[in-house]
Amino acid sequence: MEGIIIFDENQREIGTLDLDIDVEVGTADNVPNDFEITTNEIGKYNAAGFYIDGTEYGGFFEYTKNVTDSDITVFRGFTWRGLMTKSLILPPSGEDYKVVSGDANAIIADILSNVLGGLFTVPNTSSGLTITSYQFPLYIDTMNGLERMLEKYGYRLSIHADKTASGIVITAEAVEAVQISGTYNNDSDVPMTFVNDQMGINHLLCAGSGELQERMKVDLYLDENGEVSQTQTFFGFDERTAFYDYGSAESEDDLIDNGSKRLLELASHLSLSIDVPDEADLDIGDIVQGTFPGGIVVKLPIVRKIYKITKGIPSTQIKIKGDS
Amino acid sequence: MNEFKVTYTSSNGKVFNLLIFDDLKLEKADFHSYKWGKNVSARQFGDKLNYFTKSAQTYKCTLLLNGSPANRRAKLEAFTQATEYDITHMTPGRITWGLDYIECYLTDSDTKPRGDGAAYTERTVTAYCPYPFWIEEVHTLIQPSTQGIRTTDKKYNPSYPYPYSYPYAPNAVFINVDHYTESPFKLIVYGPCTDVNINISGNIYKVDHAVLAGQYMVIDSRPNTPADRKCYIVSASGIITNVFDYRDPQYELLKPIPMGDVVVTFERTHAAELTLYMERSEPRWKES
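Protein chains in written order, with this note's numbering: chain A, 1 to 324; chain B, 1001 to 1288.
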């Protein structure tokens, strides 16, 4: 590991720099998958981007910000993962959905072959995972599409940039997700926090278009299995009700669709968070399993990773689904 | 033994001897004071130590000057021009104490007469050292084996008594590094050779680029070295070519050199020169 390496427009290495950086990657909706570097150093070298060898931390400088009376520049850009989100998986012509089968790496190679001019390389070796008739959601971005496909099989996408004789190569491949486990009252190498939040809503009164008594209304209920329906399950003290104002609902189906999502957000839930040591080798898509009091087991993927170097000190923060 | 010296050398090469009144005698300084910062997480019992830090160092120094008023004025003017050159060019000067030096800028200055009848002129300066370490350089020149297996670490510091080196095997040289931690380094490989492939205590410093006769390659791991001067070739006519991209990624090209016993192994058909920059919080106390 040589630290932060800057490279030129031909993806040839220039050298190393001692920089503070802020990188955020992940699959959660609000993760930007970008980086930011504030420095007066990079401008001296005509650099096109940076990377950290063997990691997914890197990308091209696609945004700069300068102010008068200062030679400090803010450099931003998408990470390799972020660049992968800037293309979509489309159904083949004449078909409704993109459906794939075969070795995971072969599928990834096929999908990435036309992405960003072939920026990504996929090993032509078997991943050990065979996909059977996986149907991608319509118009999903490439990164999230591939991650969702692999998550279904306990795999994840490994993205890393590496130095080779021909330049810097950005690789994307399927690897088996690592799983770490913890129990609420036991010591663990990775400290976990177990939250059992039973203060949630189980009845959502949803209101759509219209006025007063004419307004479109739907009552949505959550049952004991966490399923949303229009049948009430909890009564009396156990019933917890809230109002959902969705005046722009185009139809009752639209109101039910969005109301269901909202109810699940407001529902009682179990959640996990982890305090990962910097040396822990965990990546986006790896699985955290926590055993709650009463033996309830929750398995959630890592969906956000924040890597920073501040005053020369690296640190990593990891968030799992529901804690991001 | 070399004569103990204390000097200020500006970045444009002006040298001031800080041990004689005719120049600028150093009366008082605190070069042997330092402080490490601590990053900790508080615990029920004490702290969990995460890492140490070190801020930029400043030293307040008192300099005295005697001699005729005209000489004093001339010396002060020369000193001001030298130290202000460093500031305005943002290229540090260097305070040397014995065998050690630290890079600095003289950011604060105050001058006044001192003593009966102004027998002396006193100048108080503050040395600001962005990189808060004193450096002690140790050089080892390894000749091609065809020219004998003699090696030396005394090219620049002939009196330096403790780091030593000697042939260890036909293609290996042993160096004893008298330090308490690993060190940044500069490795110069003189051509001709088809590539650079030098094993230093198990790590291979490998660059897949030929060095022609009359050329030399420099690998410089020091933290403040510009990015495009970490690994480069200098031609016979002085043209510099960045060859960092030819490093072999299987190995760490800039890995610091460990302390203690170090073995350097390579095909000694060409010469190489290893300079260690042993970083210290204060100048060495050992008599020089």
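If you are wondering where the hints come from, they were derived from the structure by calculation, not from laboratory data.
Warning: the hint list may mix true and false statements.
Now the in silico label distances, taken between C-beta atoms and shown as ranges [unchecked claim]: (1) B:Pro1258 with A:Gly3: 15 to 25 Å; (2) B:Arg1073 with A:Thr316: 50 to 60 Å; (3) A:Gln135 with B:Thr1241: 17 to 27 Å; (4) B:Ile1087 with A:Lys311: 19 to 29 Å; (5) B:Pro1258 with A:Asn114: 41 to 51 Å; (6) B:Pro1226 with A:Leu88: 19 to 29 Å.
Computed cross-link-like contacts, DSS-like style, restricted to lysine-lysine with a CA-CA straight-line distance of at most 30 Å [stated by the list, open to error]: (7) B:Lys1035 with A:Lys311; (8) B:Lys1048 with A:Lys311; (9) B:Lys1048 with A:Lys308; (10) B:Lys1054 with B:Lys1038; (11) B:Lys1035 with A:Lys44; (12) B:Lys1075 with B:Lys1025; (13) B:Lys1054 with A:Lys311; (14) A:Lys308 with B:Lys1025; (15) B:Lys1060 with B:Lys1025; (16) A:Lys311 with B:Lys1014; (17) B:Lys1048 with A:Lys319; (18) B:Lys1206 with A:Lys44; (19) B:Lys1054 with A:Lys44; (20) B:Lys1075 with B:Lys1005; (21) B:Lys1060 with A:Lys311; (22) B:Lys1054 with A:Lys308; (23) A:Lys319 with B:Lys1038; (24) B:Lys1075 with A:Lys308; (25) B:Lys1025 with A:Lys311; (26) B:Lys1075 with A:Lys311; (27) A:Lys299 with A:Lys152; (28) B:Lys1206 with B:Lys1035.
No residue lacks a Cβ here, since even glycine has one placed at the ideal position from N, Cα and C.
Do the hints match the structure? See the list:
no., hint, result
1, B:Pro1258 with A:Gly3: 15 to 25 Å, "19 Å, holds"
2, B:Arg1073 with A:Thr316: 50 to 60 Å, "59 Å, holds"
3, A:Gln135 with B:Thr1241: 17 to 27 Å, "53 Å, violated"
4, B:Ile1087 with A:Lys311: 19 to 29 Å, "24 Å, holds"
5, B:Pro1258 with A:Asn114: 41 to 51 Å, "48 Å, holds"
6, B:Pro1226 with A:Leu88: 19 to 29 Å, "42 Å, violated"
7, B:Lys1035 with A:Lys311, "17 Å, holds"
8, B:Lys1048 with A:Lys311, "20 Å, holds"
9, B:Lys1048 with A:Lys308, "21 Å, holds"
10, B:Lys1054 with B:Lys1038, "8 Å, holds"
11, B:Lys1035 with A:Lys44, "33 Å, violated"
12, B:Lys1075 with B:Lys1025, "12 Å, holds"
13, B:Lys1054 with A:Lys311, "11 Å, holds"
14, A:Lys308 with B:Lys1025, "46 Å, violated"
15, B:Lys1060 with B:Lys1025, "14 Å, holds"
16, A:Lys311 with B:Lys1014, "33 Å, violated"
17, B:Lys1048 with A:Lys319, "23 Å, holds"
18, B:Lys1206 with A:Lys44, "26 Å, holds"
19, B:Lys1054 with A:Lys44, "27 Å, holds"
20, B:Lys1075 with B:Lys1005, "19 Å, holds"
21, B:Lys1060 with A:Lys311, "26 Å, holds"
22, B:Lys1054 with A:Lys308, "19 Å, holds"
23, A:Lys319 with B:Lys1038, "27 Å, holds"
24, B:Lys1075 with A:Lys308, "49 Å, violated"
25, B:Lys1025 with A:Lys311, "37 Å, violated"
26, B:Lys1075 with A:Lys311, "40 Å, violated"
27, A:Lys299 with A:Lys152, "13 Å, holds"
28, B:Lys1206 with B:Lys1035, "37 Å, violated"
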